[in-house]
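Taken in sequence, the protein lines are chains U and W. All the letters of the first sequence, read from the start, carry residue numbers -15 to 100 under our numbering. All the letters of the second sequence, read from the start, carry residue numbers 5 to 117 under our numbering.
Hints may contain errors.
[Stated by the list, open to error] Covered, in the sense of this in silico footprint (three residues per stretch, anywhere, with C-beta under 8 Å from a C-beta of chain W), are these stretches of chain U: (1) 17 to 29; (2) 48 to 55; (3) 68 to 81.
[Said to hold, decoys possible] Computed spacing ranges between beta-carbons, pair by pair: (4) W:Asn66 / U:Asp65: 42 to 48 Å; (5) U:Ser58 / W:Ala56: 35 to 41 Å; (6) W:Gly44 / U:Lys62: 23 to 29 Å.
Everything labelled a hint here was simulated from the structure, so no lab data went into it. Since this is a predicted model, take the numbers as computed values, not measurements. We treat Cβ as the ideally placed atom computed from N, Cα and C, and that holds for glycine.
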Amino acid sequence: AQTVTQSQPEMSVQEAETVTLSCTYDTSENNYYLFWYKQPPSRQMILVIRQEAYKQQNATENRFSVNFQKAAKSFSLKISDSQLGDTAMYFCAFMKVGGGADGLTFGKGTHLIIQP
Amino acid sequence: NAGVTQTPKFRILKIGQSMTLQCTQDMNHNYMYWYRQDPGMGLKLIYYSVGAGITDKGEVPNGYNVSRSTTEDFPLRLELAAPSQTSVYFCASKPQGPQETQYFGPGTRLLVL
Chain U
-15 AQTVTQSQPE MSVQEAETVT LSCTYDTSEN NYYLFWYKQP PSRQMILVIR
35 QEAYKQQNAT ENRFSVNFQK AAKSFSLKIS DSQLGDTAMY FCAFMKVGGG
85 ADGLTFGKGT HLIIQP
Chain W
5 NAGVTQTPKF RILKIGQSMT LQCTQDMNHN YMYWYRQDPG MGLKLIYYSV
55 GAGITDKGEV PNGYNVSRST TEDFPLRLEL AAPSQTSVYF CASKPQGPQE
105 TQYFGPGTRL LVL
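Pulled out of the complex, with its shape left as it was, chain U reads as follows:
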């Protein structure tokens, strides 16, 4: 079974600063995907970014980028030029390819607060 650990229950930064959220995972699989989801107070789950394990290049989506270290089983999310709208819970998630019909395993989340 896979496990996903997010060691920062809560983080707070000033608007326009850069913030990095940590995520580590444990798996014996070699073929998998990793995700960051955002959950604002509306509770809607929103995909922020994803990374295929077989790709060495780190994924980027506008202000969001990841640092994927496969050997260390680490998958951190960097948010640049943070905005008030980035305030939300952020969940790291793991998906094993071919098992459980691509179901996701989530970490406990990090509550990110962007201060004005």
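Given the structure of chain U, go ahead and fit chain W onto it with the hints provided.
Just chain W now, kept in the frame of chain U:
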């Protein structure tokens, strides 16, 4: 497209009551999922389906049942509600293929008293 819709949005149940949480998607996705999110926690997979007539257990299936008679609908049944089932329930769907993204519904908040 409406995407993934869930009803009801909120429900209070008494211990021992039963209810069905509805989930419908209009994207013709083969795969559908039910997750639960307890306070302060991430989502956990309850059941999933890879197509009409095919369902399987996820990580936390006890106390729940599902069916998948059509591609669009994937209802979740609670037979004997218990306080431990107080949670927010999310339905999700995706096309077949690991590269495809899961689309989540807005969630159903369930309170069992």
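Results for each hint:
Here's how the segment 17 to 29 of chain U fares: 5 of its residues keep a CB closer than 8 Å to some CB of chain W, so the rule of at least three is met and the hint holds. Closer than 8 Å: that is the beta-carbon criterion, and the segment 48 to 55 of chain U has 0 residues meeting it against chain W, so the requirement of 3 is violated. Check result for the segment 68 to 81 of chain U against chain W: holds, 4 residues qualifying (beta carbon to beta carbon below 8 Å, three or more required). For the hinted restraint 42 to 48 Å between W:Asn66 and U:Asp65, the CB-CB distance of approximately 45 Å keeps it satisfied.
Take U:Ser58 and W:Ala56: their Cβ atoms lie about 39 Å apart, and the range 35 to 41 Å holds. W:Gly44 and U:Lys62 have their C-beta atoms about 24 Å apart, which keeps the hinted 23 to 29 Å range intact.
Figure legend: structure checked against the earlier numbered hints; the only hint not met is number 2.
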